[in-house]
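Chains as they are written, first to last, in our numbering: chain B, 1 to 165; chain G, 1 to 165.
Warning: the hint list may mix true and false statements.
Derived Cβ-Cβ restraints for the label pairs, each shown as a range [claimed, not checked]:
#1 B:Asp-155 / G:Ala-26: 55 to 61 Å
#2 B:Asp-162 / G:Gly-92: 32 to 38 Å
#3 B:Leu-61 / G:Leu-101: 40 to 46 Å
#4 G:Ser-6 / B:Leu-3: 20 to 26 Å
#5 B:Gly-94 / G:Lys-47: 36 to 42 Å
#6 G:Gly-92 / B:Ile-138: 35 to 41 Å
#7 B:Pro-165 / G:Leu-61: 38 to 44 Å
#8 B:Ser-129 / G:Lys-11: 52 to 58 Å
#9 G:Lys-11 / B:Arg-150: 24 to 30 Å
Calculated from the structure, these hints are not laboratory results.
Just so we're clear, the structure is a prediction, and the values are computed from it rather than from any experiment.
Idealized CB from N, CA, C, for every residue including glycine.
Number of protein chains: 2
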Amino acid sequence: MELIISQQKQKDWPAVWAVLEPVFRAGESYPLPSDVSEADAETYWVKKDGYNAVAYDDTGLLVGVYYLRPDQGGPGAHICNAGYVVASEARGKGIATALCLRSQAQAVAMGFSGMKFNLVVASNAGALSAWRKAGMEIIGTVPKAFDHPRVGLVDAHIMFRDLKP
Amino acid sequence: MELIISQQKQKDWPAVWAVLEPVFRAGESYPLPSDVSEADAETYWVKKDGYNAVAYDDTGLLVGVYYLRPDQGGPGAHICNAGYVVASEARGKGIATALCLRSQAQAVAMGFSGMKFNLVVASNAGALSAWRKAGMEIIGTVPKAFDHPRVGLVDAHIMFRDLKP
């Protein structure tokens, strides 16, 4: 599938929220209250100091979104953090891996030298597999760091990829 | 040394800033620009969703400060993050370890079940030793995550302690 990826504009938000909302409501992957308001979700997702992207397929369907931002400030700002959501109707097609790889190219273009994920829920096998295919490696695990609505307390992995050539 | 620790009040800020400023200006331990403004430093240090403490010695000198806050939101909010600064004239007396242990007790009282540090600069041997004495363990290392003004790019450790009884 060809992905047409561009920077998210203000006008994209309603479509982006339609992709994010079911994932945030499920409460199984992002560290947000499952009843998060749309306004708080927008503040969380669309970072002033970051970059947001939208990915459409060749039929014009919004199939995924991502954000990039500095993981830390000042002397830690050369490592980026990123997050991804794939639309429910577009899963199982490798879009998460493709989005992650494309976001790494964007991160390099923005001058970042590494990418770090802070909380990959250990029960989220699909995500773990997708990120590994995109070159991300587990560099640490926080025990019982995520309270999953069905599984209970589960570990959260920290993942990293060096982006320097 | 006896430490008298209490919740930071608005009136404490000038004294707190006097302790923080030289550490932030040095740029060797916190992920802030070394020229951070006082206002931005206060926003960084005094978190609306967290807890801030001041520690005085028995002569009335402010010897150290710390913050506690949820490391993540929603299903990740049971793990806290914390930061500490010991006044330059009070170092080498075990205050960092004592502050960390006291903050762990405070974290338990606030309902947190674990404590996580996200960026312990690997060249900061004093801090690493202090946190280890307070039961914190390295659970992962981000390669070259911190641009140290003298050492250059150095690793940053992620540390964790389970706070459940």
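Consistency of the hints with the structure:
Checked against the given bound of 55 to 61 Å, the beta carbons of Asp-155 (chain B) and Ala-26 (chain G), roughly 35 Å apart, lie outside it. Under the hint 32 to 38 Å, the C-beta atoms of Asp-162 (chain B) and Gly-92 (chain G), about 36 Å apart, fit the expected range. For Leu-61 (chain B) paired with Leu-101 (chain G), a C-beta distance near 54 Å fails the hint of 40 to 46 Å. In this structure, Ser-6 (chain G) and Leu-3 (chain B) break the distance hint of 20 to 26 Å, their C-beta atoms being roughly 55 Å apart.
The given range of 36 to 42 Å is respected by Gly-94 (chain B) and Lys-47 (chain G), whose C-beta atoms sit roughly 39 Å from each other. In this structure, Gly-92 (chain G) and Ile-138 (chain B) meet the distance hint of 35 to 41 Å, their C-beta atoms being roughly 37 Å apart. Restraint check, Pro-165 (chain B) to Leu-61 (chain G): a C-beta distance of roughly 51 Å breaks the suggested window 38 to 44 Å. The hint said 52 to 58 Å for the Cβ distance between Ser-129 (chain B) and Lys-11 (chain G), and at roughly 53 Å that hint holds.
At about 47 Å, the CB distance of Lys-11 (chain G) to Arg-150 (chain B) disagrees with the hint of 24 to 30 Å.
Hints 1, 3, 4, 7, 9 from the earlier list are contradicted by this structure; the remaining hints agree with it.
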